[in-house]
Amino acid sequence: MQLTIEHVGKIYKGGHRGLQDFSLTLGPGVLGLLGPNGAGKSTLMRILATITKPTEGTVRWNGTDIAASPDGLRNVLGYLPQDFGVYPNLSAVEFLEYLAAAKGMGGSAARTRIDELLTMLNLVEVKDRPLGGFSGGMKQRVGIAQALLNDPQLLIVDEPTGGLDPEERVRFRNLLSELSGERIVILSTHIVSDVEATATSIAIIRQGKLVASALPEELLRSVENRVWEWTVPSADLPALKRDYIISGTMRRSDGVRVRLIHGSAPSAAAQAATPTLEDAYLASISLVNDEAAA
1 MQLTIEHVGK
11 IYKGGHRGLQ
21 DFSLTLGPGV
31 LGLLGPNGAG
41 KSTLMRILAT
51 ITKPTEGTVR
61 WNGTDIAASP
71 DGLRNVLGYL
81 PQDFGVYPNL
91 SAVEFLEYLA
101 AAKGMGGSAA
111 RTRIDELLTM
121 LNLVEVKDRP
131 LGGFSGGMKQ
141 RVGIAQALLN
151 DPQLLIVDEP
161 TGGLDPEERV
171 RFRNLLSELS
181 GERIVILSTH
191 IVSDVEATAT
201 SIAIIRQGKL
211 VASALPEELL
221 RSVENRVWEW
231 TVPSADLPAL
241 KRDYIISGTM
251 RRSDGVRVRL
261 IHGSAPSAAA
271 QAATPTLEDA
281 YLASISLVND
291 EAAA
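Under my numbering, the residues of the sequence shown are numbered 1 to 294, in order.
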């Protein structure tokens with residue numbers, strides 16, 4: 001199976017460009033789509049889910065243009081949008097039964113699948129309660145369940161861990177890893193730790209453009225020998241934030257421990273640090289050209 005995104009652009013009314021010349025080819029595995037809020041992640045997800053059409057370019061599922069022939073993809077698609085709505089008067093079971101019927105799933109197969117998902121997502125004890133009384137995290141788990149109803153070949157989840165507590169977030173990460181065998185999973189998020197735990201490949205988007213696409217280890221290598229740490233007086237911090245890519249700060253009794261990304265040591269006191277995916281992500285989306293400043 002293959003999902004091919006070819007020079008996709010999206011222009012909204014008023015001329016605002018949500019995506020620009022975005023190209024990427026995906027096979028089975030988990031793609032972590034990283035980018036700040038407003039970068040164009042949700043626009044891309046809606047195009048891939050056949051909810052909206054691109055203004056420019058083409059998306060192909062196994063060679064078929066999904067804008068011209070969307071049903072082939074829709075039959076094997078699972079989608080959890082960023083703003084997932086529910087019918088508040090329905091119970092979790094009733095809601096999932098309704099959506100299973102809408103997907104063409106019937107009878108005992110649907111009931112068996114729903115029972116599996118309720119167990120998998122820790123919803124068994126609340127399955128008969130009206131959704132209107134669910135917490136945000138519980139609703140999100142129902143959203144994940146509905147996206148998995150048809151055992152999709154393409155699973156798209158947009159900011160899925162919002163509202164989940166730490167235990168639920170770990171459970172969801174593990175679930176995505178288990179699901180990634182013979183299917184394509186796209187995890188769109190601005191939370192690097194979600195991607196770090198699950199992604200087999202990473203794409204970084206900024207201002208509607210693809211700025212990096214690589215394996216996690218390749219992204220880490222891109223910031224090797226460019227991550228530095230040292231302690232500075234608190235008064236020096238504003239100037240450092242202005243001139244460098246800061247990936248972390250920690251207040252201490254002797255000042256502020258600063259972690260930053262730069263092509264060479266920014267101070268004689270700075271020590272090289274082991275890069276993280278957060279460092280690589282910040283370096284990719286930053287407008288600061290630290291190599292030019294070096």
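Simulated from the structure, these hints should not be mistaken for lab results.
Hints are supplied without guarantee of correctness; some may be wrong.
[As the list claims (entries may be wrong)] Derived CB-CB ranges, DEER-like:
1. A235 x R17: 34 to 44 angstroms
2. E56 x D254: 14 to 24 angstroms
3. N174 x A101: 21 to 31 angstroms
4. A102 x G255: 21 to 31 angstroms
[What the hints assert, rightly or not] Only pairs whose alpha carbons sit at most 30 angstroms apart, straight line, appear in this in silico DSS-like list of lysine-lysine:
5. K127 x K103
6. K139 x K103
7. K127 x K209
8. K53 x K13
9. K127 x K53
10. K209 x K241
11. K241 x K13
12. K53 x K209
13. K139 x K127
Ideal placement from N, C-alpha and C gives every residue a C-beta, glycine not left out.
Going down the list of hints, with the structure as the test:
At about 41 angstroms, the beta-carbon gap between A235 and R17 stays in the expected band of 34 to 44 angstroms. Evaluation of the 14 to 24 angstroms hint for E56 and D254 yields a failure: the beta carbon distance comes to about 54 angstroms. About 29 angstroms separates the C-beta atoms of N174 and A101, a value consistent with the hinted range of 21 to 31 angstroms. Checked against the hint of 21 to 31 angstroms, the C-beta distance between A102 and G255 comes to roughly 59 angstroms, which is inconsistent with it.
Taking the CA atoms of K127 and K103, the gap is about 20 angstroms. The hint holds against a cut of 30 angstroms. For a cut-off of 30 angstroms, the pair hint linking K139 to K103 stands: about 20 angstroms separates their Cα positions. A threshold of 30 angstroms between alpha carbons decides the hint, and for K127 with K209 the separation of about 41 angstroms lies outside it, so the pair is violated. Only pairs whose Cα atoms come within 30 angstroms are accepted, and K53 paired with K13 is accepted, the gap being roughly 14 angstroms.
The hinted pair formed by K127 and K53 fails the criterion: a straight-line CA distance of about 36 angstroms is larger than 30 angstroms. Restraint check for K209 and K241: satisfied, since their Cα atoms lie roughly 25 angstroms apart, inside the 30 angstroms limit. At most 30 angstroms may separate the alpha-carbon atoms for a hinted pair to count; K241 and K13 exceed this at roughly 36 angstroms. Annotation: proposed proximity of K53 to K209 holds, straight-line Cα distance about 17 angstroms (limit 30 angstroms).
For the given pair, K139 sits about 11 angstroms from K127 by alpha-carbon distance, which is consistent with the 30 angstroms threshold.
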